[in-house]
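S.K.: Just so you know, the protein sequences line up as chains A and B, in that order. By the numbering used here, the letter at position 128 of the first sequence is numbered 128, and the numbering carries on one by one without gaps. By the numbering used here, the letter at position 128 of the second sequence is numbered 128, and the numbering carries on one by one without gaps.
Treat the hints with care, since some could be wrong.
List of simulated lysine-lysine pairs, PhoX-like, C-alpha gap at most 20 Å [what the hints assert, rightly or not]:
| hint | chain 1 | residue 1 | chain 2 | residue 2 |
| --- | --- | --- | --- | --- |
| 1 | A | 141 | B | 53 |
| 2 | A | 109 | B | 79 |
| 3 | A | 115 | B | 69 |
| 4 | A | 129 | B | 39 |
| 5 | B | 53 | B | 69 |
| 6 | A | 141 | A | 227 |
| 7 | A | 108 | A | 201 |
| 8 | B | 53 | B | 39 |
| 9 | B | 292 | B | 216 |
| 10 | A | 114 | B | 14 |
| 11 | A | 201 | A | 281 |
| 12 | B | 53 | B | 63 |
| 13 | A | 141 | B | 39 |
| 14 | B | 14 | B | 63 |
| 15 | B | 14 | A | 108 |
Derived DEER-like restraints, expressed as beta-carbon distance ranges [as the list claims (entries may be wrong)]:
| hint | chain 1 | residue 1 | chain 2 | residue 2 | range |
| --- | --- | --- | --- | --- | --- |
| 16 | B | 42 | A | 198 | 15 to 25 Å |
| 17 | B | 281 | A | 72 | 43 to 53 Å |
| 18 | B | 207 | A | 116 | 42 to 52 Å |
| 19 | B | 54 | A | 34 | 53 to 63 Å |
| 20 | A | 79 | B | 163 | 45 to 55 Å |
| 21 | A | 276 | B | 293 | 32 to 42 Å |
| 22 | B | 156 | A | 61 | 48 to 58 Å |
| 23 | A | 61 | B | 202 | 18 to 28 Å |
| 24 | A | 116 | B | 216 | 56 to 66 Å |
What the hints contain is simulated information worked out from the structure, not anything from laboratory work. We put the CB at the ideal spot given by N, CA and C, even for glycine.
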Amino acid sequence: MQKMELLSLKGKRAERLSTGVQYLFIILAALFFLMPLYFMLIGSFREMIGAMATPQLLPKNPTLKNYFDLINSSFPVGKWMFSSIFISTVTTVLAVLISCMMGYVFAKKSFPGKKWIFLLVITTMMLPKQASLIPLFLTVKELGLVNSYWGVILPMISWPYGIFMMRQFMQEVPNELIEYAQVEGAGEIRIFTHVVMPLVKPSIATLAIIMFLQSWGDFMWQLIILKRQDMWTMNVGLSVLIRNASGGASIINYGLAMAGGCIAALPIVMLFLAFQKYFIKGVTLGAVKG
Amino acid sequence: MNEKKPTLRSILIKQRWAYYFLLPGLLLLVVFNVYPVMKTIYLSFTNYTLTTKDFIGLANFTKLFSDQKFLQAYANCFKYVLLLVPAIMMFSLLIANVLVRARPWIQSVFRGAFYLPTVVGGVVIAAVWIWIFHPLNGLLNYVVNAFGGEAITWLADVRYAMPAVCLVVLTWTLGTPIIIFMAGMLGISPELYESATIDGATRTQLFFHITIPVLKPVIVFVLTMEIINVFQLWEVVYLLTNGGPSYSTMSMGFLIYNTAFVSGKYGLAAAQGVILTLTILLFSWLSLKASKEA
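Just need the whole structure built from these sequences, with the hints factored in.
M.R.: In structure tokens form, the structure reads like this:
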């Protein structure tokens, strides 16, 4: 009897030790993940040209020089920020609207051809972007939308995954509410805007966050479509700073790239901190039920 | 009242709003999604450039399969998948498994920490890693030197360039699978664990005999998603190594971009796109099939 208790005590102690080791592993891993972002922040406040770029845990001579250099340089950083915010916002608003409209119809209406149209949406969802990249560019070019924000926005707003997601959410809207509104004589548009949309508000917030993050993080398509320097987004502009820092320019200036990185990260990080709940919900959608 | 069977016409009129609601989205989907996919297949059989657009049959494909650069980029994609996907799956499952037992506020702090690199995006992450890898003044060689090692040219050495790119991609993308697995694990009924614990199961046993089997559909979903993502990898390669040294880090996504938008060979790039798409479809089908049989 006593021996058994002793054994279980030993087991508990071992378990506590292994918990400690596991937490240590997690803490080290998290520090490793945050380390690059920390050094980017530190690096943006110190001069990092050539031999001055050796690592420092805290900036020895903190300065705002990189930020001033960036703003006073020939790079229109303010315009890049405007491009990023404008493109992401417009894309998000339009994508959410389209997803809601199509999701609603797929969830609540029955009409000839529904099955086939829905199958079309699902099929396009599974194809990688390289499957359409080149003709997409040629089409956008023919439409005269190269070097136009719409060339970036239009191809992104009919997003199969968003349509599919909103269909799932719209299915949870009670049919009785829609029927009641119909009996009351509400038109289709009124039912959609005043009955259905308000009921799926939290889902709309989640979809909006995913869409914004996706559009903000996009890079390849922006690089292809926006050729004019004053139309670049933060990502495209930053990529040029990075490629300059890695040897494209005669003077290698990491501080400038890091300051650019900090400016590019600031809006989306603030959004993340403010709406963390919706970000997390957006990530788990589709993967985990409930 | 005699009820007539509704004609197609009357249904179409009655349900016209459904079509009005679908129309804008469907139009965009066809113009920017469906039509380009079909056109890619057509373009892959042409020598489409700014000056030529002739149908040349399978010439692009036969050319690609004897093109050393293409074959290397194609092989590299499999190397990326083999290096990255197991690492992503293993680390995210382990980290999630520890975090689900923590207090809610600890969970949310760590979830935020692991997801932050994904939020800021690959381009921002690359802005700092390009310095970390710098052979003379970078952080990594500073650490290597501190332990008495020789400085390494991380991004210019064939042996280290691909692992270096993989490390950056890992820190950039691990947040998403961690969050998904945590949500999945938090959804497992605690009673399952309790009854097994009473039977004397250790934590390792619980992980392999309860967590993994119950979570299987989620694991398959993440696995498929990660394979698809890694096959399309390109921005970190573009920013850190430009595909070098001597093509050792070139990915298919980057090669397609170069072929089309640097060399202007749209037909050839379309053929590369077709091969990549078929490969991705094959592997997502395989991982779904394997999961159903297992």
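S.K.: Does the alpha-carbon distance linking residue 292/B and residue 216/B stay inside the 20 Å limit?
M.R.: holds, 10 Å
S.K.: Verify the proposed pairing of residue 109/A with residue 79/B, using a straight-line Cα cut of 20 Å.
M.R.: violated, 47 Å
S.K.: Measure nothing beyond the straight line between the CA atoms of residue 114/A and residue 14/B; if it is 20 Å or shorter, mark the hint as holding.
M.R.: Distance ~15 Å between residue 114/A and residue 14/B Cα, so the pair holds.
S.K.: Residue 141/A and residue 227/A: Cα distance at most 20 Å?
M.R.: holds, 12 Å
S.K.: Indicate whether the distance between the beta carbons of residue 54/B and residue 34/A respects the range 53 to 63 Å.
M.R.: holds, 54 Å
S.K.: Quickly compare the C-alpha distance for residue 201/A and residue 281/A to 20 Å and report which way the hint goes.
M.R.: Within the cut-off at roughly 14 Å; holds.
S.K.: Could you grab the alpha-carbon distance between residue 53/B and residue 63/B and see if it respects the 20 Å cut-off?
M.R.: holds, 17 Å
S.K.: Holds or violated: residue 141/A and residue 39/B, Cα atoms, limit 20 Å.
M.R.: holds, 15 Å
S.K.: Take the C-beta atom of residue 207/B and the C-beta atom of residue 116/A, compute their distance, and say whether it sits inside 42 to 52 Å.
M.R.: holds, 44 Å
S.K.: Residue 141/A and residue 53/B were given as a pair; does the straight-line alpha-carbon distance stay at or below 20 Å?
M.R.: holds, 16 Å
S.K.: Starting from residue 14/B, check that the Cα of residue 63/B is at most 20 Å away, please.
M.R.: Violated - the C-alpha atoms of residue 63/B and residue 14/B are around 55 Å apart, more than 20 Å.
S.K.: Given the hinted pair residue 129/A and residue 39/B, is their Cα-Cα distance within 20 Å?
M.R.: Given that 20 Å is the threshold and the Cα spacing comes to 13 Å, the pair holds.
Hint check: violations occur at hints 2, 3, 5, 14, 16, 20, 22, 23 and 24; the rest are consistent with the structure.
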